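Q: Just so you know, the sequences run in chain order A and B.
This note's numbering numbers the first residue of the first sequence as 41 and each following residue consecutively.
This note's numbering numbers the first residue of the second sequence as 2 and each following residue consecutively.
These aren't lab readings, by the way, just hints derived from the structure by calculation.
Bear in mind the structure is a predicted one, so any value in this text is a computation, not a measurement.
Backbone N, C-alpha and C fix where the C-beta goes; we use that ideal spot for every residue, glycine too.
Some clues are possibly wrong.
[To be verified] Computed footprint of chain B on chain A; a stretch qualifies when at least three of its residues, placed anywhere within it, have a C-beta under 8 angstroms from a C-beta of chain B:
#, stretch
1, 50-57
2, 112-124
3, 129-141
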Amino acid sequence: MRPLLAHLRLELALLARNGESLLLTLGVPLLLLLFFANVDVLPIDGEPIAFLAPGVLALAMLSTALVNLAISTAFEREYGVLKRLGTTPLGRPRLLGAKTLAVLVVEVVQLMVLWSLALALGWEPSPEPAFLAAFVLGTVAFAGLGLCLAGSLKALTTLAAANGLYLVLLLLSGMVIPLDELPAPVRTLARLLPSGALTEAVRGTLTAGTSVPGRAWAVLTAWAVAGPVLATRLFRWE
Amino acid sequence: MAAVEVDGLTVRYGGVTAVDAVSFEAEAGQITALLGPNGAGKTSTVEVLEGFRRPAGGRTAVLGLEPRADHAALTRRVGVMLQSGGVGPGVRVLEALRHAAELYDDPFDPAALLERVGLTGTERRTWRQISGGERRRLALALALVGRPQLAFLDEPSSGVDPQGRLAIREVVSGLRDDGVTVLLTTHDLDEAEKLADHVVILDHGTVVAAGSPVALMTGAAVDEVRFAAPAGLDTAALAARLGVPVREVSAGEYLVAGAGTPTLVAALTAWLAEHDLPLGDLRAGRQRLEDVFLRLVADRTTTAEATPPTGRPGAPATTEPPAGRRTRASGRRRDPS
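The shape of chain B in the complex, shown without the other chains (with noise of 0.2 angstroms):
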């Protein structure tokens, strides 16, 4: 039995459809992140499985239970990290955590705990007085200081510098170490692929794709090739010696329109070692999920956002893959944030 299941959830405010008969599954001991924008429905989502949130349809069951009526038992077994807030400015942090450790039975040592997020130091500060890097490292710890089986944990690291993402990652990854099943939302492509076994794409209320990063970048595969090198190559010379379409998408950035087998790779690279040119850098065949993703989410809203007077957030995708090529060429590389 899979630790979260989540079965054609829908969630309403008011006319606005947020989350749109989403399902999907969290393996139990795994790390299983919701990847998407912001209105994606992520938190929507997570928040009904807190039970915080009446669904308008849709069935889903934590650990087996109803997250609504058996929240009581449920509190007891599954850690929140709340997307942000959640502490007084007044409140020390080590007070903070202490406070929430006697509301457990099996607590772990919140000093202990403190060390391993990083905050050995700050015990005396008051949330008014630490920084955000440091208040979602907090925000982290409570959630986790009453041992949970399961931990929600909604956007973990944004707002966080570079060295505490980094440390929040270790925190995270080392939970699946314990056999503690993760359910965390990011709009943050690189931790998805860092960090979880499964991802699941929201976009505009609806599961675009799922699967683990690997089978995602994977079977996204397509027959292009890409690379950089100096802007300005004379493309029409070098389709003509590959024998396919070759664009300069942006300017240094070029996408080669076949599959990437070694045969057509070498005949690149020949051609440049004949004019004496620098590659820069060359992917074929497997995507990163950055490219997944903004194929199938970035494609809309940039359509949106391009022509204002009749697009529409909500419009129908229109995901034909040169879209997602025009996307790049325009150069204006859609930050999924």
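Here chain A stands alone, though its shape is the one from the complex (with noise of 0.2 angstroms):
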């Protein structure tokens, strides 16, 4: 347990001082939310900020759990970092432990602040008790497929990639834009990415009226069960 909360303490410390990471998961979300719940441009019947609050809490997950795990723990095997923890007892169950508890603790304080600022701006959400599955599942997948990009890419291909990944998937995933403004093949491929469930469970869960279409959810599952299979597969420790 110690060696874990060790390594858990050393993330977060880290996470902190790297301002590049903060703006990533807490800038751009901030931003997107202010910005498109004062600026009128969204093609959203109704208050966007009802529309905007679960697509950019589910954005905040994707930043943190996807892209800032993979360049993080790229770099790290290129540092020789997971290298050299590979000599100690810390061992992998805790290393990849320390990293989801780091993951989680970030999403929490991303979910406090933007929730928070989605409240100031009206929102009025409806919470139900299946938005922590969607959470967890959609951590799970993410963190899966964030490993997997560490664990083959280089780490200056793991950083286009994963920033490219990000911005391809916070367009056509209804984060910000709906989905029912995409071509018909994009609005379907959309649906069967992780990002595109996601935002659709974290909007069923929180908005009052709606529910979340079953194969959302079967969706976000697969990708949940596949990421870290992937991952343990593809991920190589140096």
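Please assemble the complex out of the two chains, which come individually in their own frames, going by the hints.
A: See the structure below:
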């Protein structure tokens, strides 16, 4: 337990010290929320904040569990950090455990900040318990995919790929742009992406009068299984 | 039982054999040095022992255990200093060492260990901000913080300034006094000669010699005397006087092809005295480890370099003694690094 907590502490200390990752995990979602809630350019019927807030929460999870985790882990591999830790009694299960906990801690902070801002902007959520399931499944799926990138590509390639993926998923997942606005084939693709399914699940479990299609739960669960399985197969430690 | 046993170890990368049937032992409580030029197979060998690499053949035992299968048990008893890196750029010195200390049951006090490796005063600086030599010293401290029984140190002082090198050597010598077994790799002859109880010389993936530095130097004694004096001496006259051939192998460096008996040395110094010549340096019988090393290792690499069209680095050894002398005669004493 002590090694795991020691590593969790180091992970969080480094995250807090890393300006770029804070910008990505908190800055971008905050900015998007503020901008689109006040500038009425999105093709949304009704209150923009009701549509935006759940999407931005899903985006925050994408940035932390996938993009941030992928980039930081890829550089740790490049710097030989993972290799050195492999020679200590920390072990892989506790290393991955500490990383997962660090992601969850950051996500909880993100949720609290973004949730509060959304409330201040007039959001009226009606959260269901299933939101927690969406939160966990989405985190596991994204973290698995992030570790696939970090484990199989070079650090700079991971940096580029993760940021590129972030932008693509941001546009194609119904987070800020409604899926109905997308061409039909793209919309079908979007519903099969983990980010698209997560956005549907988050929006459905937080918005009164909407429910989550069974398909979204199935897609999200499939990614939550496939991501980690793929990661353990692809991941190289040095 | 030796702390590390390596028997017929072979490591391949694709079609390239990096380590070819290497066998040696590292005795408990001793400092063993794997010495060889870059690419000799030192790091590949150590990485097998650390459990990172799966060998193509051979048997290895570390503290009586199998490096890969018993990796988890070994991490508590073995400290590892990697050849480079190992710490993220934004991590502070003391932070890194405290973190490592928390991974072990009975660690050294981080602050005291920092003092031992001479890093007091750098506690708050990050890996990015400290010098290459300071990074090596932190890497050494990270390897030792868990009170290991056995330490693998991969090139512990490479790229370190002389002062830092001295500090690192003192710490490593101190490990022997504490009963810690050390297996280090180096291409620094001086380091192996000064630090190690046992030296294993590797070249092109094979063991070319092994023994204590003294045994290696004495055992390699050859019938020759080397001395330094002003350049351009009349070697023919000197040879006539001594009754054995004399060559000026490079400007001011001479080689007398005879056994270094007191009689020969007396005759040599007498001749120099008669001609009122200063004697710069005189070596007979026992050689420095560097001479042994150059004879064993540098010959083929130099030969290969000198004849680029046909020479290949892996060419069969042509280690007859004259080749070694030619190496030195060319005046290009090859830096083994």
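Q: None of the hints should be skipped; say for each whether it holds.
A: Hints, verified against the model:
{"no.": "1", "hint": "50-57", "result": "holds (count 4)"}
{"no.": "2", "hint": "112-124", "result": "holds (count 7)"}
{"no.": "3", "hint": "129-141", "result": "holds (count 3)"}
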